[in-house]
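**Q** Sequence:
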Amino acid sequence: MKREMIEDALIQPTILLVEPDDKVRPSLMDNLHSWGYTLIVALSETDAMQRVQGKGEPFDLLLMNQVGHSVAELVAIGRDICQHAGLPPSIPVVVMAECYGDDLEGQDVQMGDYEYVAYLEDGQQLKELLYLLCPVP
Numbered sequence: 000m001k002r003e004m005i006e007d008a009l010i011q012p013t014i015l016l017v018e019p020d021d022k023v024r025p026s027l028m029d030n031l032h033s034w035g036y037t038l039i040v041a042l043s044e045t046d047a048m049q050r051v052q053g054k055g056e057p058f059d060l061l062l063m064n065q066v067g068h069s070v071a072e073l074v075a076i077g078r079d080i081c082q083h084a085g086l087p088p089s090i091p092v093v094v095m096a097e098c099y100g101d102d103l104e105g106q107d108v109q110m111g112d113y114e115y116v117a118y119l120e121d122g123q124q125l126k127e128l129l130y131l132l133c134p135v136p
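Read left to right, the sequence shown gives residues 0 to 136 (numbering that gives the first Met the number 0).
Since the hints were derived computationally from the structure, they do not count as laboratory data.
Note that this is a predicted model, so its numbers are computed, not measured.
Every residue gets a Cβ at the ideal spot worked out from N, C-alpha and C, and that includes glycine.
Be a bit skeptical, because a hint or two may be false.
[Stated by the list, open to error] Label pairs and their calculated CB-CB ranges: (1) Cys98 / Gly122: 12 to 20 Å; (2) Ile10 / Asp102: 21 to 29 Å; (3) Ser33 / Ala75: 15 to 23 Å; (4) Ile10 / Ala71: 29 to 37 Å; (5) Ser89 / Glu56: 16 to 24 Å; (6) Gly122 / Thr37: 15 to 23 Å; (7) Gly100 / His68: 13 to 21 Å.
Construct all of the structure, not just a fragment, from the sequences and the given hints.
**A** Below, the structure is given as structure tokens:
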């Protein structure tokens, strides 16, 4: 096997994490790293746009926490970030819902072709969704 092929197989997928909450961000980052992902961390949608501007750091999945916006607004913002980065529309956008009823807890809802909302029951649910959408070698 060629060296380039071996190196490509070992490259970890990259997640652009948009997490404004200083209390949540460190533990979420630790989990994502331990699950095998490389991270680009942004504190806001504006920060994310700046990080990806002009073919900045590429990413394989966009993960956003629902803060201050509806789920639909965040999905649209996520698509804008991907487009701004010059990435294809097939980049998955995952929104972690903040407030929801017991009837939604534990569900992952597909909102579009590549847009998902996770109504998290626990961290394992997020891990399984991310592994499905953005497998780690």
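**Q** Which earlier hints can't be squared with this structure?
**A** The structure breaks hints 2 and 3; every other hint is satisfied.
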